[in-house]
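Asks: Sequence:
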Amino acid sequence: MKGPRNILLFLQDKLSIEDFTAFGGVYGNKQDSAFPNLQSIVESSPSSLVLPAVDWYAANILPTYLKEKLGVSPLHVDQSTLLELKLNESVPSLLVVRLPYASSTGLLAAKDVLRANDQAIGQVLSTLKSEGVPYTALLTALRPSRVIKEASFAVGNLGRQLLATEQPMPSYPPVAYNSSQNRPCILFWATNVSVTVDDVQVDLTSQTFTGSDLNLTGSLCNNLNAVLALTYKDAVKGLPLTLRFLLQRRFYPVSGRFWFILSHVEMIHGQNTAVFLAPQVNAPSNYSFHCQYISSWQTFGSLLVSNTSKDLPSSRWQLHIADFQIQGFNVTGMAFSYASDCAGFFSPGIWMGLITTLLFVFILTYGLHMVMSLKTMDRFDDPKGPSIAVPQTE
Numbered sequence: 001m002k003g004p005r006n007i008l009l010f011l012q013d014k015l016s017i018e019d020f021t022a023f024g025g026v027y028g029n030k031q032d033s034a035f036p037n038l039q040s041i042v043e044s045s046p047s048s049l050v051l052p053a054v055d056w057y058a059a060n061i062l063p064t065y066l067k068e069k070l071g072v073s074p075l076h077v078d079q080s081t082l083l084e085l086k087l088n089e090s091v092p093s094l095l096v097v098r099l100p101y102a103s104s105t106g107l108l109a110a111k112d113v114l115r116a117n118d119q120a121i122g123q124v125l126s127t128l129k130s131e132g133v134p135y136t137a138l139l140t141a142l143r144p145s146r147v148i149k150e151a152s153f154a155v156g157n158l159g160r161q162l163l164a165t166e167q168p169m170p171s172y173p174p175v176a177y178n179s180s181q182n183r184p185c186i187l188f189w190a191t192n193v194s195v196t197v198d199d200v201q202v203d204l205t206s207q208t209f210t211g212s213d214l215n216l217t218g219s220l221c222n223n224l225n226a227v228l229a230l231t232y233k234d235a236v237k238g239l240p241l242t243l244r245f246l247l248q249r250r251f252y253p254v255s256g257r258f259w260f261i262l263s264h265v266e267m268i269h270g271q272n273t274a275v276f277l278a279p280q281v282n283a284p285s286n287y288s289f290h291c292q293y294i295s296s297w298q299t300f301g302s303l304l305v306s307n308t309s310k311d312l313p314s315s316r317w318q319l320h321i322a323d324f325q326i327q328g329f330n331v332t333g334m335a336f337s338y339a340s341d342c343a344g345f346f347s348p349g350i351w352m353g354l355i356t357t358l359l360f361v362f363i364l365t366y367g368l369h370m371v372m373s374l375k376t377m378d379r380f381d382d383p384k385g386p387s388i389a390v391p392q393t394e
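Position one of the sequence shown corresponds to residue 1 (the UniProt record's numbering), numbered consecutively onward.
Take the hints with a grain of salt, since some may be wrong.
Stated by the list, open to error - No more than 27 Å apart at the CA atoms, straight line, and that leaves these computed lysine-lysine pairs for BS3-like:
1. Lys14 with Lys111
2. Lys69 with Lys86
3. Lys310 with Lys237
4. Lys67 with Lys14
In short, the hints are calculated from the structure, not lab data.
Assemble the whole structure, with the sequences as input and the hints as a guide.
Replies: Set out below in structure tokens:
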């Protein structure tokens with residue numbers, strides 16, 4: 001690894017390029033900038049690189065990547081512990097400084113936190129500069145603070161009623177299982193993951209996507225099979241719960257291509273296991289699969305069909321996942337491929353339009369048929385001829 005062997009990584013929870021635009025005094029008011037130290041450091045450094053946006057996966061594995069390149073474990077420090085360290089130019093070191101982000105949605109709260117982070121960055125780098133040890137500093141975040149919602153071309157309700165407010169989509173990254181090459185091979189994302197075990201309903205969404213205790217032990221991926229195992233510690237009644245999604249990749253001669261199917265989903269709690277079949281969850285192997293709901297509840301379409309014996313207590317368990325999206329093959333990075341949606345072509349709106357059109361065509365055809373069936377009289381009364389006498393009798 002070329003350059004200084006002392007790496008200082010400032011890792012923030014959330015950060016976007018829009019934060020620098022909103023709070024960086026880019027419109028001429030430099031005194032109101034929340035990043036005076038960062039700006040002066042970039043301008044005075046011999047070399048600098050600014051990447052406006054990076055992939056979530058790249059930001060999350062950056063400490064691991066630096067650890068492999070430097071051959072040392074990361075050391076989490078702050079300003080007080082940094083003063084006690086004695087860095088050596090010849091000995092590599094990886095120092096990680098965690099920076100918070102505003103928990104409030106207010107702009108003033110976010111600006112104050114960013115200004116405090118800028119001061120912390122300035123103080124830490126001033127300490128290193130005073131020691132005369134060369135270093136390389138990096139500033140990044142685990143996820144963006146602002147997410148632009150992409151337009152969806154999936155069949156769905158594209159209208160919005162009067163005075164209705166748009167529901168924001170969660171901004172957390174998908175769950176990723178890495179292969180032996182340390183690359184993601186299975187991606188899973190949803191807005192809600194809920195289970196019902198023995199009439200106890202538990203929301204596992206936060207533990208799935210933002211928690212730190214999610215265990216992926218038991219997951220695997222290869223060219224023909226993929227298994228995503230999500231184990232939650234003390235999820236229900238103090239016992240762990242495991243969700244296993246079993247994917248299979250097969251070649252279908254009729255279509256001439258490989259497809260993947262969700263063979264079944266297993267829900268394991270204690271000594272009991274519930275199995276749900278998913279016959280409608282399938283897509284081309286180079287696509288991802290998306291559905292608004294996959295659920296065992298009949299209210300949401302019952303895409304998950306229970307395959308557990310009714311004599312077992314687990315036959316009454318339920319699994320509900322909203323905005324379900326999964327990809328187990330041909331994964332490239334932390335972004336899903338084109339999604340094959342479960343919504344069919346003939347949606348209720350399309351059916352209403354077709355029925356209305358057919359009704360109008362029938363009425364028009366019937367009217368034209370009635371007009372064309374009208375016949376003119378073949379005999380008329382002649383005024384020069386003898387009159388027609390109609391006898392009248394009482």
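Asks: Each hint should be assessed against the structure and marked as holding or not.
Replies: Here's how the hints hold up against the structure:
For the hint linking Lys14 to Lys111, the alpha-carbon distance of about 13 Å falls within 27 Å, and the restraint holds. For the given pair, Lys69 sits about 21 Å from Lys86 by alpha-carbon distance, which is consistent with the 27 Å threshold. Of the pairs offered as hints, the one joining Lys310 and Lys237 holds, with about 22 Å between alpha carbons and a cut-off of 27 Å not exceeded. For the given pair, Lys67 sits about 22 Å from Lys14 by alpha-carbon distance, which is consistent with the 27 Å threshold.
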